[in-house]
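First to last, the protein sequences are chains X and C.
Numbers in the working numbering are just positions in the first sequence, counted from 1, shifted up by 1.
Numbers in the working numbering are just positions in the second sequence, counted from 1, shifted up by 1.
Because the hints were derived from the structure by calculation, they are not lab data.
Any given hint might turn out to be false.
A pair counts as met if it fits within one copy or between any two copies, since identical chains are not told apart.
[Unchecked claim] DSSO-like, lysine-lysine: derived pairs with alpha carbons at most 27 angstroms apart:
#1 389 to 531
#2 362 to 389
#3 17 to 438
#4 463 to 193
Note that the structure is a prediction, hence the values are computed from the model and not measured.
There are 2 protein chains.
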Amino acid sequence: MAVCKPWSACLLPAPKGRVCTNYARCVNQILQSSNNMQMWLRVPLRKHEDGDSMDDQSLGGDPIDSWETWNSFRLLCEHNSQLSVALDVLGSLPSTNSLGRWFGEPVRAAIIHTNAFLTNARGHPCLSKRHQKLLTSFFNHSVQAIISGELAHSVLVGPLESATSNAVNHDNSDLGHPLRSYLYYVGYLYQKMDPLPQQELYELSYRDFLQSPLQPLMDNLEAQTYETFEKDTVKYLQYQRAISKALLDRIPDEKSSSVTTVLMVVGAGRGPLVRASLEAAKETGRKLKVYAVEKNPNAVITLHSLVKLEGWENIVTIVASDMRQWDAPEKADILVSELLGSFGDNELSPECLDGAQRFLKSDGISIPSSYTSFFQPITSTKLYNDVKAHRDLAHFETPYVVKLHKIARLAPCQPVFTFVHPDHSPTKDNQRYTKLKFEIPDDTGSALVHGFAGYFDATLYKDVHLGIEPTMPTPNMFSWFPIFFSLRTPVCVRPGTPLEVHMWRCSSSTKVWYEWCVASPSESPVHNSKGRSYWVGL
Amino acid sequence: MAVCKPWSACLLPAPKGRVCTNYARCVNQILQSSNNMQMWLRVPLRKHEDGDSMDDQSLGGDPIDSWETWNSFRLLCEHNSQLSVALDVLGSLPSTNSLGRWFGEPVRAAIIHTNAFLTNARGHPCLSKRHQKLLTSFFNHSVQAIISGELAHSVLVGPLESATSNAVNHDNSDLGHPLRSYLYYVGYLYQKMDPLPQQELYELSYRDFLQSPLQPLMDNLEAQTYETFEKDTVKYLQYQRAISKALLDRIPDEKSSSVTTVLMVVGAGRGPLVRASLEAAKETGRKLKVYAVEKNPNAVITLHSLVKLEGWENIVTIVASDMRQWDAPEKADILVSELLGSFGDNELSPECLDGAQRFLKSDGISIPSSYTSFFQPITSTKLYNDVKAHRDLAHFETPYVVKLHKIARLAPCQPVFTFVHPDHSPTKDNQRYTKLKFEIPDDTGSALVHGFAGYFDATLYKDVHLGIEPTMPTPNMFSWFPIFFSLRTPVCVRPGTPLEVHMWRCSSSTKVWYEWCVASPSESPVHNSKGRSYWVGL
């Protein structure tokens with residue numbers, strides 16, 4: 002085998018049959034002995050669907066689902082990060098759900114066979130709508146397209162070339178590659194893709210990059226972090242809308258000039274929620290007295306400058322204190338906070354707001370008034386390998402904030418934990434336990450679960466929501482990426498078998514942590530027992 | 002929870018229902034925070050068998066197979082070595098195969114319920130034959146018996162007590178514990194057990210103790226090791242029988258005084274095979290010339306002393322050389338060697354004998370003439386935990402020599418690799434590959450495979466065998482314990498699903514190693530790729 006440069010790859014022929022143990026072993030040996038040899042396993046994009054029995058026979062013992070072949074191969078090779086996939090795209094495509102699995106896999110190339118192309122009215126090669134959509138998704142996932150096969154279309158001149166060239170003959174010596182018309186078409190598909198939205202462009206470098214979640218209680222945030230978050234105008238507009246609605250509900254028009262509402266921003270940071278509150282007051286014509294409570298001394302300095310600069314001295318009182326300890330001089334009508342993490346409660350909003358609730362009037366309003374975390378099983382070879390690369394238990398038991406991109410979402414999200422504020426229950430308890438049962442659609446086929454994507458949705462006030470749950474995200478908001486909870490050993494889920502997950506939110510006097518495990522189809526260890534790997538300090 | 006001394010244990014109530022995730026999580030938390038707290042999970046010894054549907058309903062949602070409850074629980078607790086089992090023995094017992102699984106588990110106590118006892122003709126409690134057999138097996142596995150329940154038999158006086166006590170009444174103040182008659186019976190079962198054979202007694206301290214296999218080619222054996230092996234008279238008697246038969250076959254009676262057979266002992270050590278050869282010559286009246294080839298200079302010194310002491314100088318020539326390099330002055334009729342490891346070829350007998358074959362006559366005989374390795378899937382929580390305790394990959398990929406005791410043999414052995422000597426094939430190749438498919442009996446239920454027990458059987462000459470394969474072991478031989486190949490992650494095999502294992506014997510110019518993997522029901526990584534963790538030096 003020749004020495005390969007790191008950016009080159011060796012294309013491996015497709016395994017024959019579903020089990021390919023001996024082949025995988027040989028490849029594994031090579032992968033073990035080379036630090037940078039990239040191997041791309043060629044796999045046909047094929048899955049037997051119900052009613053395909055005739056087709057299946059004609060394939061002569063070929064695999065029912067080529068994803069399973071790939072999965073076997075890479076499990077035997079221990080998820081080696083130098084092993085990737087090159088998919089052979091054929092004329093017919095399996096179900097959309099089954100195709101979706103590949104977006105969690107390291108697919109590097111899509112080899113499109115010329116006989117997968119249709120012929121358009123002008124005799125040019127083109128692709129079916131489903132093929133076009135698939136290819137667009139591949140482009141979005143940095144999968145390169147390769148044309149392969151015999152010339153199967155009579156027109157040799159591509160659509161872009163036809164205007165400038167009149168020579169139409171079967172001698173390809175001058176006209177370039179005989180398959181160029183296919184290439185032109187694929188290039189055309191690439192060019193007609195929608196450009197990435199501004200926000201996606203900004204977030205490109207964060208894709209599938211693991212970030213440790215913040216510890217905003219234990220650590221003080223840096224100026225840079227505040228600056229980034231403050232730019233999220235959408236978020237503060239939602240807050241402003243929520244505060245406006247709450248003010249209108251609380252103070253009827255006739256009392257708008259006589260009653261002053263006491264609003265406390267708990268965790269004021271460098272002041273964006275103070276500004277949103279004052280905007281809401283202006284917008285609704287309500288009178289406001291604002292307390293801005295902030296524990297970070299650096300942020301408090303900036304806050305003082307802001308109040309002076311804006312001339313808010315008569316309205317805004319700055320309190321340099323932890324909201325859990327502050328002895329408030331009066332009680333609040335409205336408590337406004339932005340303490341939510343990617344998983345809602347994971348930055349200890351429940352514990353902080355329980356502390357702040359002491360100085361909220363009994364009929365007072367908390368904004369947010371509730372929030373719920375969500376969970377979703379995903380395939381993500383990339384994230385799994387990045388976690389595994391640390392070679393320790395702690396990283397497998399640490400949830401990471403990550404802009405999810407190379408993933409397959411295997412089932413719809415399900416709610417995990419909900420917190421409501423103010424909490425008037427006699428025994429406040431922020432410990433939680435829930436059991437989730439995910440049904441992966443049957444036409445997906447088997448799937449490998451590397452872990453769970455976590456999201457949140459918050460009700461700020463009444464119908465004003467804020468969140469990142471994928472079916473109802475607040476548009477154009479960038480403050481939160483999802484959170485990823487790994488599994489130490491990926492779990493293979495076969496069609497018709499439910500995936501059962503158990504999730505706990507635990508706390509002690511000094512910290513809060515999650516534990517999680519899979520109970521079906523097979524039991525995983527309980528992850529992060531006693532918060533041994535990951536916890537958030539109180 | 003009180004502080005427990007290391008030798009005490011906390012008995013945990015039986016989980017309700019098959020899935021016990023929350024219970025397991027709480028126990029796991031305690032196990033994580035304590036270094037010596039022993040926890041015994043109480044589990045009823047129960048498994049639903051075909052046709053038990055009525056019974057099953059009456060159990061009201063109880064688990065179909067209580068072993069599965071235990072398995073879930075301990076998987077959630079990561080095979081914690083402080084977690085053990087206390088089995089409730091009930092009136093009816095599940096199938097023998099399903100009971101067998103428990104012998105690979107850390108069962109510490111058998112809690113025998115009084116209503117599991119029958120009543121004998123004299124009104125005394127007794128147990129069914131199957132219960133007796135089970136209890137005897139438990140005793141053999143250091144499982145303590147506990148009697149539990151209400152007095153269910155009218156006779157209060159135990160069989161051993163009846164002779165000395167005439168008082169029969171229901172007042173238990175003077176007569177000791179009301180359940181003593183059950184205890185007497187259990188004690189009686191214990192006492193009537195056959196005593197351990199001498200060899201088993203000798204091997205007691207080796208039970209389930211992992212030993213690294215020898216490297217007899219790279220390292221020279223120590224005198225102590227030779228001394229131990231030389232005591233195995235059964236082994237050398239088998240060799241003597243094989244050599245006698247070969248001599249009789251090769252030299253007819255009429256030529257016995259005219260023809261001298263050239264016999265070479267390759268790897269003569271301190272001489273036991275030389276002695277066996279000379280005994281065979283004496284026994285058969287054949288004339289022998291012996292070359293004793295040995296590479297270990299220390300052994301050669303002892304060998305010289307032996308030859309002088311026994312007066313064998315005219316018959317035996319000592320050659321201090323590695324058989325693979327020795328330039329023999331003549332060719333041999335018979336080549337005798339004892340180079341076998343627990344797994345047959347694992348101490349490189351094939352490579353050594355290939356080297357020695359140069360000086361074997363074309364019609365010469367090799368003793369052994371062939372050997373085959375065998376594989377068997379086993380449950381062994383003890384061995385798995387001992388391997389895991391090293392917290393690295395290398396130990397999981399190293400086969401260990403071990404006197405197997407606390408194990409469940411899940412399926413009959415299957416042959417793995419066979420080597421035949423002399424090897425007259427044009428291209429000698431000692432690399433091997435095989436695929437084994439084990440069918441675990443359906444009435445076993447689900448089972449957890451921690452790894453594979455390896456054995457060998459050798460044909461010394463014609464019908465003279467030598468080996469440790471469990472169905473045909475050479476009796477009273479102690480030179481070899483089985484070998485244990487671990488799996489990095491135990492594999493759960495459900496009834497009706499075959500267990501498929503792939504096994505390779507690989508070699509390079511400097512070493513020989515095995516690679517292995519499971520391909521069904523789910524793919525494991527290929528273990529020991531390129532011999533990264535374990536190899537035998539050439």
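Which hints from the list above does the structure break, by number from lowest to highest? Violated hints (numbers, rising): 2 and 4; every other hint is consistent with the structure.
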